[in-house]
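Student: Spelled out, the chains give:
2 protein chains.
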Amino acid sequence: MELLFLGTGAGMPAKQRNVSSLALMLLQERNAVWLFDCGEATQHQILHTSLKPGKIEKIFISHLHGDHIYGLPGLIGSRSFQGGTTELTIYGPKGIRDFIEVSLSVSQTRLRYPLTIIEIEEGCIFEDDQFLVETALLDHGIPSFGFRITERDRPGTLDSGRLKAKGIPPGPIYKKLKMGESVQLDHGETVSGLDFLGPDIKGRIITILGDTRPCANALQLAEKADVLVHEATFAAGNEEMAVEYFHSTTTQAANIAKEAGVQELILNHISSRYLKADWDQLVHEARNIFPNTQLSNDFSQMTIAPHKS
Amino acid sequence: MELLFLGTGAGMPAKQRNVSSLALMLLQERNAVWLFDCGEATQHQILHTSLKPGKIEKIFISHLHGDHIYGLPGLIGSRSFQGGTTELTIYGPKGIRDFIEVSLSVSQTRLRYPLTIIEIEEGCIFEDDQFLVETALLDHGIPSFGFRITERDRPGTLDSGRLKAKGIPPGPIYKKLKMGESVQLDHGETVSGLDFLGPDIKGRIITILGDTRPCANALQLAEKADVLVHEATFAAGNEEMAVEYFHSTTTQAANIAKEAGVQELILNHISSRYLKADWDQLVHEARNIFPNTQLSNDFSQMTIAPHKS
Ligand SMILES: [Zn+2]
Ligand SMILES: [Zn+2]
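Residue numbers (this note's numbering), protein chains in the order written: chain X, 157 to 465; chain G, 157 to 465.
Worth flagging that the hints you see were computed from the coordinates, not collected in a lab. One or more hints might be untrue.
It does not matter which identical chain is meant; a pair holds if it fits inside one copy or across any two.
[Said to hold, decoys possible] Taking lysine to any residue and the SDA-like style, the derived pairs with C-alpha atoms no more than 20 Å apart in a straight line are:
#, residue 1, residue 2
1, K171, F455
2, K358, L182
3, K250, L260
4, K334, A416
5, K171, G210
6, K334, I357
7, K208, S428
8, K171, D436
9, K208, R429
10, K171, T205
11, K320, I460
12, K211, T245
13, K211, T313
Produce the complete structure using the sequences and hints provided.
Tutor: Here is the structure:
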């Protein structure tokens, strides 16, 4: 599981940072990629990575500002043109369907794969046996969602040493025991996998927020997350401007990370007013409050390691 | 007057060529830029040039395929965000209004300048005292327009030597004579500017075609043009494929240029199947038929010099 930042700027494209898009790479977990937001030229950014558009399984749109959605029609079309045939599901606020449908229909784009568009509300918007995705509304003037992606816990490690000592040799039976099932042995005794399993291995939690002022729902979505991706459009000291434009500062993001008790904070959605020479200062402002902070850059890639227990 | 090629590829963005956009720089002529087509990331390409989005006065859209329009919403929004206040007029096939209006409305983009959208038919779509823009439908499966931009002729050079010899000294009177007007001199004699003017200086003609198979309207729009920008999606020998996909080959473009009697041909809209090493071959195929041929590249700039007479 990795985060691959495709666009980390705010509002308009700039040479150093493109507009918003972030890929959650789930290649080991499900041979798929989930995209969060899709600003203009996201498909261009992808050309400079190893990401295959055909692997994109889901796209989550936080809000409908142009810098978060104008890359959708092109990416959707190119994914088909390049031979993508598997289903693509797009989740976003009410209005996303109109934008996509009108864009594809005026351009007479015909897709070779099934496209599903889901206009979301707060709550659980997706779950299967691996992941759960929950959303809540943030504070951005227009509906802007945050996403909390929870990986389900996995059964702990099977204690094969103790099983062998009990005279149960490795075989298909181990698979059942590993799932916590009970199994009857040849000589009649029944053993339960639960007695030989270590504690559940906790799934990872990734919180990716759309544009927002600091708010209670941001805090709740980030609760004890392994990684929190929070916008930091402005530097510390610009809190008035942040309020006016419905954004956050570096220190506001750090305070959310600290209060929510996350493991790591990634500052994202950085205004182009800050030049390369300013970036160190931005991350230091946050680290004064929450030490384990990184600043995202276009094409930065961050691994989220599985838990050991 | 210059042509600045912003995107010269076909169908999908590639590292070497972005999707379609071409700027006709009319800075000396009217302190303005006219854009022809606006594929995704046109505003990103502009970041690498000296072109100021606020100077873009008109955008002409040849047809509604995604690689020619998906950059419009972003460019329109950024032009406002960057402080553009002068009117912008967009000309394009029926459907362009829906695409722009839905894109701007779902993203709640409010513009600080007047935006006019004109859905065009064949014929004269714009004229003022400097320029005339005429369109005709090409052959591309969906409505695809070609544009013929005609600069109006200007009055010839005033023969000041002969005027002085006649005892008429330079002064405000020369301005009237230059316009071909008649003027009464102090001693009563009337002189006509027409008697002292050289022949009209011919305006330039630039023909910019949307995607098309070779066709009669392409020929007509290109008649005696100074510059013809013609698509050449495929290499010579791929005429069957060109027919199937409603495109042209290098030699088909060259034949149109030759028959139309243009001064210069620029091959544009080059498929990404052709790599840098193939480009020389493409231009040579056309030059065998029409010697004064160039191949466009992203960011290539070509001057169209004024006529001397
Ligand atoms: Zn926003
Ligand atoms: Zn086309």
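Student: Can you tell me if K250 and L260 fall within 20 Å by alpha carbon in one copy, between copies, both or neither?
Tutor: both (17 Å within a copy, 15 Å between copies)
Student: With 20 Å as the alpha-carbon cut-off, assign the pair K171 and T205 to within, between, both or neither.
Tutor: both (17 Å within a copy, 11 Å between copies)
Student: Within a copy, between copies, both or neither: where do K211 and T245 come within 20 Å Cα-Cα?
Tutor: Intra 12 Å, inter 39 Å, cutoff 20 Å: intra-copy only.
Student: Within a copy, between copies, both or neither: where do K334 and A416 come within 20 Å Cα-Cα?
Tutor: neither (33 Å within a copy, 78 Å between copies)
Student: From the Cα coordinates, with 20 Å as the cut-off, is the pair K358 and L182 best called within, between, both, or neither?
Tutor: within (17 Å within a copy, 63 Å between copies)
Student: Measure nothing new, just compare the shortest in-copy and cross-copy C-alpha distances for K208 and S428 to 20 Å and report within, between, both or neither.
Tutor: This pair counts as between: shortest inter-copy Cα distance 18 Å, intra-copy 28 Å.
Student: Reference check for the pair K320 and I460, CA-CA at most 20 Å: within, between, both, or neither?
Tutor: neither (34 Å within a copy, 86 Å between copies)
Student: For K171 and D436, with the copy left unspecified, which applies at a CA distance of at most 20 Å: within, between, both, or neither?
Tutor: within (18 Å within a copy, 30 Å between copies)
Student: Is it within, between, both or neither when you check K171 against F455 at 20 Å Cα-Cα?
Tutor: both (13 Å within a copy, 16 Å between copies)
Student: Please work out whether the CA atoms of K334 and I357 approach to 20 Å or closer within one copy, between two copies, in both situations, or in neither?
Tutor: Cα proximity of K334 and I357: one copy only (13 Å, versus 89 Å across).
Student: Cα distance capped at 20 Å. Does K171 pair with G210 within a copy, between copies, both, or neither?
Tutor: between (27 Å within a copy, 18 Å between copies)
Student: Please sort K208 with R429 into within, between, both or neither, judging by C-alpha distance up to 20 Å.
Tutor: The answer is between: 18 Å across copies meets 20 Å, while 32 Å in one copy does not.
In summary, the structure is inconsistent with hints 4, 11, 13 from the numbered list given earlier, while agreeing with the others.
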